[in-house]
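Residue numbering for the sequence shown follows the numbering used here, beginning at 295 and increasing consecutively.
Accuracy of the hints is not assured; some may be wrong.
Stated by the list, open to error - The list that follows gives simulated cross-link-like pairs (lysine-lysine, DSBU-like), each with its CA atoms no further than 35 Å apart:
| no. | residue 1 | residue 2 |
| --- | --- | --- |
| 1 | Lys371 | Lys327 |
| 2 | Lys439 | Lys327 |
| 3 | Lys388 | Lys327 |
| 4 | Lys327 | Lys385 |
| 5 | Lys328 | Lys445 |
| 6 | Lys371 | Lys328 |
| 7 | Lys439 | Lys379 |
| 8 | Lys439 | Lys371 |
| 9 | Lys439 | Lys385 |
| 10 | Lys328 | Lys385 |
| 11 | Lys385 | Lys371 |
| 12 | Lys388 | Lys439 |
| 13 | Lys388 | Lys371 |
| 14 | Lys327 | Lys379 |
| 15 | Lys439 | Lys328 |
| 16 | Lys388 | Lys445 |
| 17 | Lys379 | Lys328 |
| 18 | Lys445 | Lys379 |
These are computed hints drawn from the structure, not numbers from a lab.
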Amino acid sequence: MFWAIASTVGAALMATTMIFIRMRASRRPASVKKIILPPFFMSTGAFMFVFEPFRVEWMQVLEAFSVGVFFSLFLIKTSTFEIRKDNIYLKPSKAFVFILFGLLILRIILKLIIGQTVSLGETSGMFFLLAFGMILTWRIAMLFKYLRLRKELPSQVNKKWNASNS
Numbered sequence: 295m296f297w298a299i300a301s302t303v304g305a306a307l308m309a310t311t312m313i314f315i316r317m318r319a320s321r322r323p324a325s326v327k328k329i330i331l332p333p334f335f336m337s338t339g340a341f342m343f344v345f346e347p348f349r350v351e352w353m354q355v356l357e358a359f360s361v362g363v364f365f366s367l368f369l370i371k372t373s374t375f376e377i378r379k380d381n382i383y384l385k386p387s388k389a390f391v392f393i394l395f396g397l398l399i400l401r402i403i404l405k406l407i408i409g410q411t412v413s414l415g416e417t418s419g420m421f422f423l424l425a426f427g428m429i430l431t432w433r434i435a436m437l438f439k440y441l442r443l444r445k446e447l448p449s450q451v452n453k454k455w456n457a458s459n460s
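Could you put together the complete structure from these sequences and hints?
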């Protein structure tokens, strides 16, 4: 019971942190690196599957990742970019805060339901896969949106971007 409460509190703190990070990110220009690095950093969490308690069946992998992809649709919809002063910025969305907390509440409910029949380690593995599926899909969509908008920048600015962001 302690671990279930601790992980729920941890998830709430992470969601709150993400809101503040997202608000700060909209003040600085976006870049390819800033978009693609978070999934790479998060992927190191997959080392948890080296340990037996965290391993899940392939069907559970597919289910968890698919739910993450579905959840990412809400984040994709609210993540838009805009051009300001020859730079591309992530446009802040008021809905993002509500979506993030809504997803957190839904995650807690799912954890309570799944936690009744699945071990804590497997539940942790499944929710890692869910989160990774969500982040990966969201960031790939953001990258496509960013690259599409970057083509609209004036050619001189585009040359500067290509040189500095490659």
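Okay, the hints, checked on the actual structure:
1. Taking the CA atoms of Lys371 and Lys327, the gap is near 21 Å; set against the 35 Å cutoff, the hint holds.
2. The suggested pairing of Lys439 with Lys327 holds, with an alpha-carbon distance near 14 Å, which does not exceed 35 Å.
3. Between Lys388 and Lys327 the alpha-carbon distance is near 25 Å, which keeps this suggested pair within the 35 Å criterion.
4. Note on Lys327 and Lys385: the hinted pairing holds, with a Cα-Cα distance of about 17 Å set against a maximum of 35 Å.
5. Proximity of Lys328 to Lys445 is assessed by CA-CA distance (about 18 Å); at most 35 Å being required, the pair is judged to hold.
6. Proximity of Lys371 to Lys328 is assessed by CA-CA distance (about 19 Å); at most 35 Å being required, the pair is judged to hold.
7. As the CA atoms of Lys439 and Lys379 are separated by approximately 18 Å, the hinted pair is consistent with the 35 Å bound.
8. For the proposed pair Lys439 and Lys371, the alpha carbon gap of about 11 Å is at most 35 Å, so the pair holds.
9. Pair hint Lys439 plus Lys385 holds up; C-alpha atoms about 12 Å apart against a cutoff of 35 Å.
10. Using a Cα cut-off of 35 Å, the hinted pair Lys328 and Lys385 holds, with the two alpha carbons roughly 15 Å apart.
11. A hinted pair counts as satisfied when its Cα atoms are at most 35 Å apart, and Lys385 with Lys371 qualifies at roughly 12 Å.
12. Using a Cα cut-off of 35 Å, the hinted pair Lys388 and Lys439 holds, with the two alpha carbons roughly 19 Å apart.
13. Proximity of Lys388 to Lys371 is assessed by CA-CA distance (about 12 Å); at most 35 Å being required, the pair is judged to hold.
14. Between the alpha carbons of Lys327 and Lys379 the distance comes to roughly 20 Å, so the proposed pair stays at or under 35 Å and holds.
15. For a cut-off of 35 Å, the pair hint linking Lys439 to Lys328 stands: about 14 Å separates their Cα positions.
16. Between Lys388 and Lys445 the alpha-carbon distance is near 27 Å, which keeps this suggested pair within the 35 Å criterion.
17. Under the criterion of a C-alpha separation no larger than 35 Å, the hint pairing Lys379 with Lys328 is consistent with the structure, at around 19 Å.
18. Restraint check for Lys445 and Lys379: the C-alpha separation of about 15 Å stays at or below 35 Å, so the hint holds.
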